Structure formats: structure tokens, C-alpha cells
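Asks: Sequence positions in the sequence shown follow the working numbering and run 27 to 176.
Treat the hints as calculated values from the structure; they're not laboratory data.
Predicted, not measured: the structure shown is a model, and the values here were computed from it.
There's no promise every hint is true.
As the list claims (entries may be wrong) - Result set (DSSO-like, lysine-lysine): computed pairs, CA atoms no more than 30 Å apart in a straight line:
1) 114 with 83
2) 152 with 86
3) 161 with 67
4) 165 with 82
5) 42 with 86
6) 141 with 114
7) 29 with 67
8) 66 with 29
9) 149 with 66
As the list claims (entries may be wrong) - Simulated restraints on C-beta separations:
10) 99 with 128: 19 to 27 Å
11) 35 with 139: 43 to 51 Å
12) 120 with 141: 21 to 29 Å
13) 107 with 43: 37 to 45 Å
The beta carbon of each residue, even a glycine, is placed where N, CA and C say it ideally should be.
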Amino acid sequence: MSKIDVVRAAMVEAMKAKDKQRKDALSMLLSALKNFEIDKKDHEPITEDEANTVVKKEIKQSQETFDTAPADRDDIREEAAYRLSVYKEFAPEDMSEEQIREVVTAVLAELGIEKPAPSDKGKIMKVLMPKVKGKADGKAVNEILASMMK
Numbered sequence: 027m028s029k030i031d032v033v034r035a036a037m038v039e040a041m042k043a044k045d046k047q048r049k050d051a052l053s054m055l056l057s058a059l060k061n062f063e064i065d066k067k068d069h070e071p072i073t074e075d076e077a078n079t080v081v082k083k084e085i086k087q088s089q090e091t092f093d094t095a096p097a098d099r100d101d102i103r104e105e106a107a108y109r110l111s112v113y114k115e116f117a118p119e120d121m122s123e124e125q126i127r128e129v130v131t132a133v134l135a136e137l138g139i140e141k142p143a144p145s146d147k148g149k150i151m152k153v154l155m156p157k158v159k160g161k162a163d164g165k166a167v168n169e170i171l172a173s174m175m176k
């Protein structure tokens, strides 16, 4: 079952349970997934990795909404927090710091770099990011690589 089908089934369950807030959050996620699929140039069904990327993007946008909402606008903050909790149900598990370090170490070995220097960072990231895309936060990967350069 594709991610679109899973989200649609969860939305139908929410509708049957008359849980409007959950249905609305799932409806927004379903729209984002379908829009991505429609916008694809190759007209192929959305892949699992692409769906995970869309879910992560929606999580990031909801987090930004929560973070930038004025302190006195509890309604906006509560809605964003609720959407976050719903979207996280459909997000893939992020890689742990140890797993990211293992991938970084493997990439360094692949490139033949024993002691990474800041000048190597671009070359390393070019090979590293496709391997962790959708599985790890880019900021975390960048911080771990930087710590290994010291």
C-alpha cells in the first residue's frame, strides 16, 4: 500500500470517528502528497522515498508555523502542534547519531579520506547527502561531519 493509500485510509477512519481536527490534518497531508505526485514530470506513482520527503517537509512547515506564531495566538500554536503529532505518525524513523556517523565513516573510506579537512567538506557532502536523504536531518548530518573534522 502506498503512503497516499495509508493516509487516505486513516482519513476515512477519522471521518467515521467524527474527529474533524484529525481529518483536516490528514486531508492537508493527503493534498501535499497528491500535489507532489501530480507535479512529477515522469507521471509515475509517488515512491516511498518521495512520500517520506513530502511528509518531512510538511512536518518542517508545521514546526515553523508553531515556532513563528505569536505567543498570544494559542489557537494557531495548538493546531500546528496537533498537525505535527499526526504527521509524525507517517514519517519515517530518523537515523540515530551513531547510524549517521557510520555512514559518514563509510563515505570517508569510499573517498579515501583519513582525516577530513574543511576543504574536503563539499566533496564529502556531495556523496554523503544522497545516502541519508529522507532518513536524517541535513543539519544533524552537517554537525556530525563538522565534529569529525576537528
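Asks: Give a verdict on every hint.
Replies: Structure-based check of all given hints:
1. 114 with 83: holds, 11 Å
2. 152 with 86: holds, 23 Å
3. 161 with 67: holds, 24 Å
4. 165 with 82: Roughly 14 Å between the alpha carbons, so the hint for residue 165 and residue 82 holds.
5. 42 with 86: holds, 28 Å
6. 141 with 114: violated, 37 Å
7. 29 with 67: Within the cut-off at roughly 19 Å; holds.
8. 66 with 29: It holds: about 16 Å lies between the C-alpha atoms, which stays within 30 Å.
9. 149 with 66: Holds - the C-alpha atoms of residue 66 and residue 149 are around 29 Å apart, at most 30 Å.
10. 99 with 128: 19 to 27 Å: violated, 42 Å
11. 35 with 139: 43 to 51 Å: holds, 46 Å
12. 120 with 141: 21 to 29 Å: holds, 28 Å
13. 107 with 43: 37 to 45 Å: Given range 37 to 45 Å: violated, Cβ gap about 20 Å.
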